[in-house]
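Undergrad: Can you make the complete structure from the sequences, with help from the hints?
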Amino acid sequence: MAQALLGLNVGVFYAMLSLGLAVIFGLLNIINFAHGAMYMLGAFVALIGYTMLDDWFGISLQIGFWASLIVVPAFVGLLGIVIERTMLKRLYELDHIYGLLLTFGITLILQGLFSNYFNVSGTPYPGQPEILAGVLNLGFMYFPTYRLFAIVFSLVVCFATWYVIEHTRLGSRLRAGVENSPLTQAFGLNVPLMITLTFGFGCALAGLAGVLAAPIYSVSPLMGADLIIVVFAVVVIGGMGSIMGAILSGLALGMVEGLTKVIYPPAASTVIFFLMVLVLLFRPAGLFGKEK
Amino acid sequence: MINRALWIIMLVAGLTAPFFAYPIFVMDLLCFALFACAFNLLLGYVGLLSFGHAAFFGGAAYITGHAIKVWGFPPLVGIVTGAAFAMVLGAAFGYLAIRRQGIYFAMITLALAQIIYFMALQLPFTGGENGLQGIPRGNLLGFIDLNDSLTMYYFVFAIFLTGFCIIHRTIHSPFGEVLQAIRENEARALSLGYDVDRFKLQAFVISATMAGLAGATKAVVFQFAALTSAHWQTSGEVILMTLVGGLGTVFGPVVGALIVGALSHELGSFGSWVQVILGTIFVVCVLTFRRGIVGELERLVRK
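So the sequence lines, in the order shown, correspond to chains A and B.
By our numbering, the letter at position 103 of the first sequence is numbered 103, and the numbering carries on one by one without gaps.
By our numbering, the letter at position 21 of the second sequence is numbered 1021, and the numbering carries on one by one without gaps.
Just so you know, the hints here were simulated from the structure itself, not pulled from any lab data.
Being a predicted model, the structure only gives us computed values, none of them experimental.
Glycine included, each C-beta is placed from N, C-alpha and C at the ideal position.
Please note that the accuracy of each hint is not assured.
Computed Cβ-Cβ distance ranges for the label pairs, DEER-style [what the hints assert, rightly or not]: (1) P265/A x R1004/B: 34 to 42 Å; (2) A267/A x W1007/B: 33 to 41 Å; (3) R1169/B x M52/A: 53 to 61 Å.
Partial selection, computed: residues in chain A whose CB lies under 8 Å from chain B [claimed, not checked]: (4) I63; (5) L100; (6) G105; (7) V256; (8) L278; (9) V279; (10) F282.
TA: Structure (structure tokens):
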């Protein structure tokens, strides 16, 4: 039970990242390889905002944790919008693999830039708020307050995203744009703008996950590199068809990984990939995906 | 015409290279060139983007290293063992991956390759972070001493040529024509009665085997199987080489491997900036230069 809860902690990051990938994939048909780098960027911007801004500008300027939850996703989302406007936009007519390759190139650039300035072994984020320090007594176990906050906060964000996409007017327009872009455009909706904003939003989700992860894990240039491949496996297992599929499989696989760590530790880093093999054998479209 | 010129340049350059450049460096380039040709067979001629080819390259390096060092295999048998391992691995990965298309295919191969990476990190015989060290080069056919770097160079060049010719032959055969038909229009190839999945799987296995051959040779050259060979960024690097040289051209991957390899070597002292520069080349290639160097040349000549 305790391990499942710790696993859930990893699971919410998987869920947020695969949710962002799913949202972007839904509208752009592009797998954003840079998603892991956006997550890393989120953690670094939070770290820089907390520790280095006053050094850089010579005035007392610090972005605290709470402010980071707003400022950092906005920054990462904006970067996403710039990338979409200037580069991805030119590739929509081509095979989808070019989008994957472009975002892979962007990943290399971001990783390389941060590796130049920061130690690859990682820096701790010191800005964890007082109120979230310490542990909570849950009755059956003691659990770090911050981790519980991260779980609840991420779940709220994930389900809010799901609600907006599946049950609001805005969401129905987005889904119409996915279904038939020219027709939707003929009805007077600005599909290219929707695509740009959606890409920005997906990146912002990754950035937010980065901020939330910063106080738990050490902030390092490579923190997104291996995570993104696990998230790819999560996405294959869940199936790209549904938003809910991305969230639920993310949460479930985080817990599976957490439990494997207890039962047979050496397999913890590969168990998700083996599950992916099993799912592919029996349900090639993924657990929640629809066969095309 | 341009192809014949490139053949001659490649043979002359390959035979004389060790007298102008450091042989180990040229051997490294040859291994990557073969690796890139193997990768290009899939992406350039079947339209399948495998993001997990480092698994074959690195996996074969470990198996070859172990076979030579611990089991005492002679070098050639060791290399063949490594390539055979890559062939089996390729059959298994290919069988799983061809169930999905396009970017899913890329994601699945990437995830499968990560299993091999973690195995290379954790299995008892691989040496973990340090890699598998101290692989003896031994004697070729029992009497040719491979510790001499010039001899070793021509051995590697022969392996490269063999692999290159196998890939060349595959592309320019009726089998290769079917592969290109699948790339152009899979549904049409299917309706013409071709068993598309079987063709894709066969191409995948050939490509994996040749990637394994390259990795196995590299292990013998450096007497060392490194963890980075199996890392997914190596898969990315081979994609970059193919893209720079020219997707779907016979010589493109060779040219690309030379350029990217030489570039990484020259920029080695800049540390992580190499990654930034390679990433930038990647972005520029995808945005403006999708034919690659050889592809652009061919287009110019055709005009």
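Undergrad: To test your reading of the hints: which numbers does this structure violate?
TA: 1, 2, 4, 7, 8, 9 and 10
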